[in-house]
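*Asks:* What follows is the residue order along each chain.
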Amino acid sequence: MKTDMVIAGVGGQGILSIAAALGSAALDNDLYMKQAETHGMSQRGGDVQSFMRISDKPIYSDLIPKGGADIILSVEPMEALRYLPYLKKGGYVVTNSTPFININNYPEQEKLEATIKALPNYVLIDADRIAKEEVGSARAFNFVMLGAASPFIDVPFEYLEEGIRKIFARKGDEVVDMNIKALHAGRKFSQENR
Amino acid sequence: MQKSLLLGVEAIAQGAIDGGMSGVYAYPGTPSTEITEYVQHSKQANELNIHSDWAANEKTAMESALGMSYAGKRAMVCMKHVGLNVAADCFMNAAITGTNGGLLVVVADDPSMHSSQNEQDSRVYGKFAMIPILEPSNQQEAYDMARFGFELSEACEIPVMMRITTRLAHSRAGVARSAEVIVQNKLKLPEDKLQFVLLPAIARKRYRKLLSNQEKFEAVSEDSVFNSYIDATDKSMGIIACGLGYNYLMENYPDGDCPYPVVKISQYPIPRTMVQKITSECDKVMVLEEGYPVIEEILKGYLEKEAVIGRLDGTLSRDGELTPDMVGKALGFEIKESFEVPSIVAARPPALCVGCSHIDVYKALNEVVAEYGGGRVFADIGCYTLGALPPFNAINSCVDMGASITMAKGAADAGLIPSVAVIGDSTFTHSGMTGLLDAINEKTPITVIISDNESISMTGGQKSSAKGKLEAICLGLGVEKEHIHVLLPVPKKHDEIKEIFRKEMEYNGVSVIIPRRVCVQKNVRDQKIKKAAMAKAAAKA
Numbered sequence: 001m002k003t004d005m006v007i008a009g010v011g012g013q014g015i016l017s018i019a020a021a022l023g024s025a026a027l028d029n030d031l032y033m034k035q036a037e038t039h040g041m042s043q044r045g046g047d048v049q050s051f052m053r054i055s056d057k058p059i060y061s062d063l064i065p066k067g068g069a070d071i072i073l074s075v076e077p078m079e080a081l082r083y084l085p086y087l088k089k090g091g092y093v094v095t096n097s098t099p100f101i102n103i104n105n106y107p108e109q110e111k112l113e114a115t116i117k118a119l120p121n122y123v124l125i126d127a128d129r130i131a132k133e134e135v136g137s138a139r140a141f142n143f144v145m146l147g148a149a150s151p152f153i154d155v156p157f158e159y160l161e162e163g164i165r166k167i168f169a170r171k172g173d174e175v176v177d178m179n180i181k182a183l184h185a186g187r188k189f190s191q192e193n194r
Numbered sequence: 001m002q003k004s005l006l007l008g009v010e011a012i013a014q015g016a017i018d019g020g021m022s023g024v025y026a027y028p029g030t031p032s033t034e035i036t037e038y039v040q041h042s043k044q045a046n047e048l049n050i051h052s053d054w055a056a057n058e059k060t061a062m063e064s065a066l067g068m069s070y071a072g073k074r075a076m077v078c079m080k081h082v083g084l085n086v087a088a089d090c091f092m093n094a095a096i097t098g099t100n101g102g103l104l105v106v107v108a109d110d111p112s113m114h115s116s117q118n119e120q121d122s123r124v125y126g127k128f129a130m131i132p133i134l135e136p137s138n139q140q141e142a143y144d145m146a147r148f149g150f151e152l153s154e155a156c157e158i159p160v161m162m163r164i165t166t167r168l169a170h171s172r173a174g175v176a177r178s179a180e181v182i183v184q185n186k187l188k189l190p191e192d193k194l195q196f197v198l199l200p201a202i203a204r205k206r207y208r209k210l211l212s213n214q215e216k217f218e219a220v221s222e223d224s225v226f227n228s229y230i231d232a233t234d235k236s237m238g239i240i241a242c243g244l245g246y247n248y249l250m251e252n253y254p255d256g257d258c259p260y261p262v263v264k265i266s267q268y269p270i271p272r273t274m275v276q277k278i279t280s281e282c283d284k285v286m287v288l289e290e291g292y293p294v295i296e297e298i299l300k301g302y303l304e305k306e307a308v309i310g311r312l313d314g315t316l317s318r319d320g321e322l323t324p325d326m327v328g329k330a331l332g333f334e335i336k337e338s339f340e341v342p343s344i345v346a347a348r349p350p351a352l353c354v355g356c357s358h359i360d361v362y363k364a365l366n367e368v369v370a371e372y373g374g375g376r377v378f379a380d381i382g383c384y385t386l387g388a389l390p391p392f393n394a395i396n397s398c399v400d401m402g403a404s405i406t407m408a409k410g411a412a413d414a415g416l417i418p419s420v421a422v423i424g425d426s427t428f429t430h431s432g433m434t435g436l437l438d439a440i441n442e443k444t445p446i447t448v449i450i451s452d453n454e455s456i457s458m459t460g461g462q463k464s465s466a467k468g469k470l471e472a473i474c475l476g477l478g479v480e481k482e483h484i485h486v487l488l489p490v491p492k493k494h495d496e497i498k499e500i501f502r503k504e505m506e507y508n509g510v511s512v513i514i515p516r517r518v519c520v521q522k523n524v525r526d527q528k529i530k531k532a533a534m535a536k537a538a539a540k541a
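Same order as they appear, the protein sequences are chains A and B. Per the working numbering, the first sequence runs over residues 1 to 194. Per the working numbering, the second sequence runs over residues 1 to 541.
The hints are simulated quantities; they were obtained by calculation from the structure and are not laboratory data. A couple of the hints might just be wrong.
Here are the simulated SDA-like cross-link-like pairs (lysine to any residue), alpha carbons at most 20 Å apart as the crow flies [what the hints assert, rightly or not]:
#1 B/Lys522 to A/Gly11
#2 B/Lys3 to A/Asp56
#3 B/Lys463 to B/Ile473
For reference, chain A alone in the conformation it holds in the complex (with noise of 0.2 Å):
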């Protein structure tokens, strides 16, 4: 039981929660794990990115090599993009649809979704909608996308609802459930459009 997985977005857009989620999930269960995240500079509107390792075995490396993840997940389009050269051959490119633009040379959409999709192995989902109209919070996007991620991650998915419910306990029964909503409804979507 190993994954490697690379997590992108932007500053402000809850990669950390994600990877607090995960990291919960494992360390409760027993699984080595380690989560290097990149921070300072990148929290005025910078790129954003998180190594997060998980394994039944020891880790050395906070860092993940090239070539090595079995998954980016992206909370953002043209973020999913920057990280390719750590994925592996085989690996798995889930990505929000939605895209974060501040920058006046932000790529056409168009143009975006075909490099998306010019990939072997991707998810583009659309999990701003998702959790607007299926979950019916906004917020709950980025867990969403990791329900999306789900199905690559080689940890039982019903540790991943711990994580949730352990990082959300203190903010209430509804905060859960709403973000566990969203984790099934990403793992749906992933599932039937893999």
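Put chain B on the given structure of chain A with help from the hints.
*Replies:* What follows is chain B alone, placed relative to chain A:
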């Protein structure tokens, strides 16, 4: 045992709390900031009454920590690598005074300059001061070493440095905490009443003691559980791996089957017998260290150049942080990269936040400076440094904390008039005040803009030592009252701001202009806290 999910920096903080620390002193700086923040937010630390307020700069933090050590208690001081330059005066001398209570100096280096001006290696400073250094290779070691660091410091009566790098600082893993929380030391004055008095006669004696202790430090390092010799059969090469370098080495041998003997170093001085063993048994030695080629240079000397490989001969890149790929390539593995970054991917540079007060300052400043010709705005370190990038292109320098005012002074002395300094509120109290005094003493014609957002915003909104004190400080230092202006930087005041800038640039003396508006990020956080407090109060009533 249940593990806690902790960042490397958090592991250090928790280790220090569990290790009997009485106080942490720091000035925020990436990647060291969260050590102190963790202590500030820790319920346990609060109950234990552990001091954790921010200092004006790293030097005052280091001096206060030494004061706590003087009083017999365990103290920690934290900073980023460039902060150690500021604290260096006290740091070097603390090695001479020695310690009473345990003193741990945590320095977070930033190889690859993720958010720093340079990538200097603090191990050089540690060696310079001739004190023991700890360099954890994972989060568990970071926790254990914080506790151990205090013990080592007290056993050797010397400050101990813990050197970490960005990758460990900002990476999370499960950490098992020790069951025992060490009770804080009682107040206890030094037995030798002259130990901390560095008059030449005493300092000479103390320095000889430091020199004579070197053998002891080395012996402790030889026996350290954090250093180990891992034997293997292929003696065509031996590997010395320091700190995180060990992880990147083993990443290339996933089953732990590295064919070469390895010396893993996480405590310094360098364990001599281990290094002698590996260098004598193996045909050549590869050195994996993050930062400068510190060990490599020591081993290479001037004559034997071929037998030691690493950063100096190009086997590893001379700059940047280590990566598993860099180490793998050095070991002869192929990098597996299978995809390239598509050309449509655009850079997303950091930018000032929407609605940031610095934007209104730069817009007005740019227009006024253009009237005199550009190239005369000296800036400093903080969010406002982003004014160097488009669309503002507003500043011409950023060197170290405080250098804006003194560089503007030097340029004005050279005849570049008007010269303007832009500095943040916290940076001003960190290191700008003394430079301003120089300018006042010589009545140098400079215009100082203290862009006051009432927070240390770059690192996440920590408390600024300057809050509510700027006008009084400037007056006290001797700025004339009529040349101190406080403004509200908002778009509708644009013309008014320009007029004041222009008027003060024309003035043949020191002017201070303080545009003041709270950081937009901090404002959002403050409102949230306020709302939560009100909801709590309402629920009670």
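*Asks:* Quick one: which hint numbers does this structure break? Sort them smallest to largest.
*Replies:* none
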